[in-house]
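A.B. asks: Here's the letter readout for the chains.
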Amino acid sequence: MTPVLDLRREARRDPLEIPGLDAIPAEERAAALANWRERMVSEHASARVFAALIPRLMAAGVARRHVAAVSAMIGQELDHAVLCARVVVALGGEAKLPLPPLTAVPAHEDAGPLEGLLRDVISVSCCSETVAVALVATEREQAGTASLRGVLGKILADEVKHARFGWRLLDEVGPTLDARTRARLSAYLVAVFEHQIAFHSPFLRLPSASDRAVSLGAPDGPSNWRVFVDTITGVTIPGLERHGLDAERAFRRATSAVLAA
Amino acid sequence: MNSTRSIARRRGLRMAAQVASIAGVVAASAALSQAAPARPATANIAPQEGVMLGDEGKGAADQLGDAIRVRNASGCGCSPCWGPPAPPPMRAELLEEGLS
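First to last, the protein sequences are chains A and B.
Take 1 as the starting number for the first sequence in this note's numbering and just add one per residue.
Take 1 as the starting number for the second sequence in this note's numbering and just add one per residue.
To be clear, the hints were calculated from the coordinates, so they are not data collected in a lab.
Every value quoted in this text rests on a predicted model; they were computed, and no experiment measured them.
We treat Cβ as the ideally placed atom computed from N, Cα and C, and that holds for glycine.
Take the hints with a grain of salt, since some may be wrong.
Label-pair restraints from in silico Cβ distances [what the hints assert, rightly or not]:
hint	chain 1	residue 1	chain 2	residue 2	range
1	A	Arg9	B	Leu99	31 to 41 angstroms
2	B	Glu93	A	Ala104	35 to 45 angstroms
3	B	Arg69	A	Thr103	21 to 31 angstroms
4	A	Glu94	B	Glu93	18 to 28 angstroms
5	B	Arg91	A	Glu241	16 to 26 angstroms
Could you put together the complete structure from these sequences and hints?
C.D. replies: Below is the structure:
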């Protein structure tokens, strides 16, 4: 049986108002609603990714403050789902949806505790959450009402923490890594970039959205895709290179199969 | 409309760069992008090694996006995803290549 996420009660408890909705055509409202619904379940499901980091952090023997910070991130992702549920209801939708497939977080049995942790942190914080910062900050800039700007602002503040956690951990442990571990992590980056491209490629199937639709949170496919590629190439790759990882080569390898076709 | 979106994107990118502590790099790229077509950090990649993302005529996002559309590469589903996905597993051949 597919698990269902039902946040109707949570959304009712603290309703959100989006003024001026009547003036927005139904299809534009529907595009925004679809996105907020997808977002609600994705945010909820991503709590398990942070939960899986806790035993990794402990096994790697990192400072307690990192374990505590990631513990808080689990709750933050769950809270984001409730924020999205409030928007869903405000847009006239139902805050009840099946959860997406809950892909297992890999055990990284071929790696030691620190290398396994860094694989996850690079994927989650340095890629996914760094891209999320750029995407959500872009959306917040375009939000049409104070209430939506507030929701996006809260989500953004947490995404900043989630991304910064990874970059700080790399700052802390990066200098201690030997050449072999750097080479192994650089090899892993190929899988990370392939995964990131696949994860964000649905943006390519979405059309551009009107200003009105974007102001409600409808995704603009071409614009979001550009934010993703610009963040990976302009922020993540230079950031990882700074830590002695061969991120440029890994990205080239990850994209070569697609671009050579 | 495009200029509003481009300003919003630039601000988003700048915030991500600040988080990763490479604000200087992106500020420079942003200044460059106002004067010329976007040149990503991978602009110096040699074409014979697989990719030419720094093409003057087309940005990295357009090139990669076009290629994925042509191949009809699949993502995680038919709609965009939010929230970090589970990291991917390591592939044995990547590890062998990386250490050779």
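A.B. asks: Decide, hint by hint, whether the structure agrees.
C.D. replies: Verification of the supplied hints:
1. Arg9(A) to Leu99(B): 31 to 41 angstroms: Violated: the Cβ-Cβ distance is about 53 angstroms, outside 31 to 41 angstroms.
2. Glu93(B) to Ala104(A): 35 to 45 angstroms: Cβ of Glu93(B) to Cβ of Ala104(A): about 21 angstroms, so the range 35 to 45 angstroms is violated.
3. Arg69(B) to Thr103(A): 21 to 31 angstroms: Holds, since Arg69(B) and Thr103(A) (Cβ atoms, about 25 angstroms apart) stay within the stated range.
4. Glu94(A) to Glu93(B): 18 to 28 angstroms: 46 angstroms, violated
5. Arg91(B) to Glu241(A): 16 to 26 angstroms: 22 angstroms, holds
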